[in-house]
Amino acid sequence: MTGASFGAISVGSGLPWWMPVLMSLVIFAGGSQFMAVGIVAAGGSPAAAVVAGLVLNARHLPFGLAIGDVLGRSPLARIVGSHLLIDESTAFAMSQKDPARARAAYWACGVSLFFCWNIGVLVGALAGQAIGDPATFGLDAAFPAAMLALTLPALKDAATRNAALTGAAIALATTPFLPAGVPVLLALAGLLVFKKKEAPCPSPQS
Amino acid sequence: MPVTAVLILAAGTFAIRLAGPLLRDRVTLPEKVNDLMTASATVLLLALVAVSALTNGKQFGGWALAAGVVVGGLAAWRKLPFVAVIVLAAATTAGLRFFGVA
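Going down the list, the protein sequences come from chains A and B. Just so you know, we're using our numbering here: the first sequence kicks off at 1 and counts up by one. Just so you know, we're using our numbering here: the second sequence kicks off at 1 and counts up by one.
Heads up, some of the hints might be wrong.
[Unchecked claim] With a straight-line cut-off of 20 Å between C-alpha atoms, the simulated EDC-like cross-links for lysine to aspartate or glutamate are:
(1) K196(A) <-> D157(A)
(2) K156(A) <-> D25(B)
(3) K196(A) <-> E31(B)
(4) K97(A) <-> D133(A)
(5) K32(B) <-> D157(A)
[Stated by the list, open to error] Cβ-Cβ distance ranges computed for the label pairs, FRET-style:
(6) V123(A) <-> L22(B): 47 to 55 Å
(7) C116(A) <-> T4(B): 23 to 31 Å
(8) F60(B) <-> S95(A): 41 to 49 Å
(9) A66(A) <-> T4(B): 26 to 34 Å
(10) L22(B) <-> R101(A): 18 to 26 Å
(11) E88(A) <-> D25(B): 21 to 29 Å
(12) K79(B) <-> N162(A): 18 to 26 Å
(13) L74(B) <-> G43(A): 26 to 34 Å
(14) A135(A) <-> A84(B): 30 to 38 Å
(15) C116(A) <-> T28(B): 16 to 24 Å
[Stated by the list, open to error] Chain B stretches covered by chain A per the calculated footprint, using a threshold of three residues with CB under 8 Å from any CB of chain A:
(16) 4 to 16
(17) 28 to 38
(18) 41 to 55
(19) 88 to 95
Treat the hints as calculated values from the structure; they're not laboratory data. Because the structure is a prediction, the values reported are computed rather than measured. From the three backbone atoms N, C-alpha and C, an ideal C-beta is built for every residue, glycine too.
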């Protein structure tokens, strides 16, 4: 359903129906797709959209480092498997202790989500064409609401929440003066207040 | 959204994803870097939420828009399904506009 929403909202923001479909096939990372469409819809430059999307997807690097051997070692498995590297498939693979089962879980989750996501986006994009003026239907509110729903679980962490609220304040304060898209990137300065509390780590020696 | 931008974002994303499995024997990231990468995703998303909920790209975007996003956020916080979040947000904003709230 997230996919269908992405398709419908993208088309509602003025993109042709095939654009969200293409994005979902070749990018296959929901957060960065919402991000890129949102920045461009707000009048931001495509360059800002690309940079923001890439920063957003940088978190896939540690995922790959953590579970990279689950994909299989052949070049083809690595290439196809890498495209399926998303939050969900990583979480599924990490939840399995046995390497063979981790591998099965990774591929099963990745492949099925790839199909569900892309079919959802296609359906949403086609349905979105039936919607008239986006402002009348409140589609401009649907978009930030969708992203807020995606962000909410991560905001439970206090360090992340402080950094994100600081970043949002920076983005809001600079929006009147800077070209669209740039304030969102400036929000990354909020990471300066990002301080993870040391987890109490019971060591066997103590 | 030009196709070139989509393809660049796709290629960059794929490179990030492929780098993990290829480099895992040689590279270990400090935990701090790991945490920062994860947090930066949330920081960017919430910033875009704030800007697109409260502004039209330059100035205040109007009460109808802001109220719709707040209602959607409350729905998400109450763990309503994703579709309900979106429909409630859009319906709130559309309804307020219908009654003349900017």
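Each hint tested on the structure:
no., hint, verdict
1, K196(A) <-> D157(A), "holds, 9 Å"
2, K156(A) <-> D25(B), "violated, 33 Å"
3, K196(A) <-> E31(B), "holds, 10 Å"
4, K97(A) <-> D133(A), "violated, 51 Å"
5, K32(B) <-> D157(A), "holds, 15 Å"
6, V123(A) <-> L22(B): 47 to 55 Å, "violated, 35 Å"
7, C116(A) <-> T4(B): 23 to 31 Å, "holds, 28 Å"
8, F60(B) <-> S95(A): 41 to 49 Å, "holds, 45 Å"
9, A66(A) <-> T4(B): 26 to 34 Å, "holds, 32 Å"
10, L22(B) <-> R101(A): 18 to 26 Å, "holds, 24 Å"
11, E88(A) <-> D25(B): 21 to 29 Å, "holds, 25 Å"
12, K79(B) <-> N162(A): 18 to 26 Å, "holds, 23 Å"
13, L74(B) <-> G43(A): 26 to 34 Å, "holds, 28 Å"
14, A135(A) <-> A84(B): 30 to 38 Å, "violated, 21 Å"
15, C116(A) <-> T28(B): 16 to 24 Å, "violated, 33 Å"
16, 4 to 16, "holds (count 11)"
17, 28 to 38, "holds (count 9)"
18, 41 to 55, "holds (count 15)"
19, 88 to 95, "holds (count 8)"
Hint compliance for this structure: hints 2, 4, 6, 14 and 15 are not met, and every other hint is.
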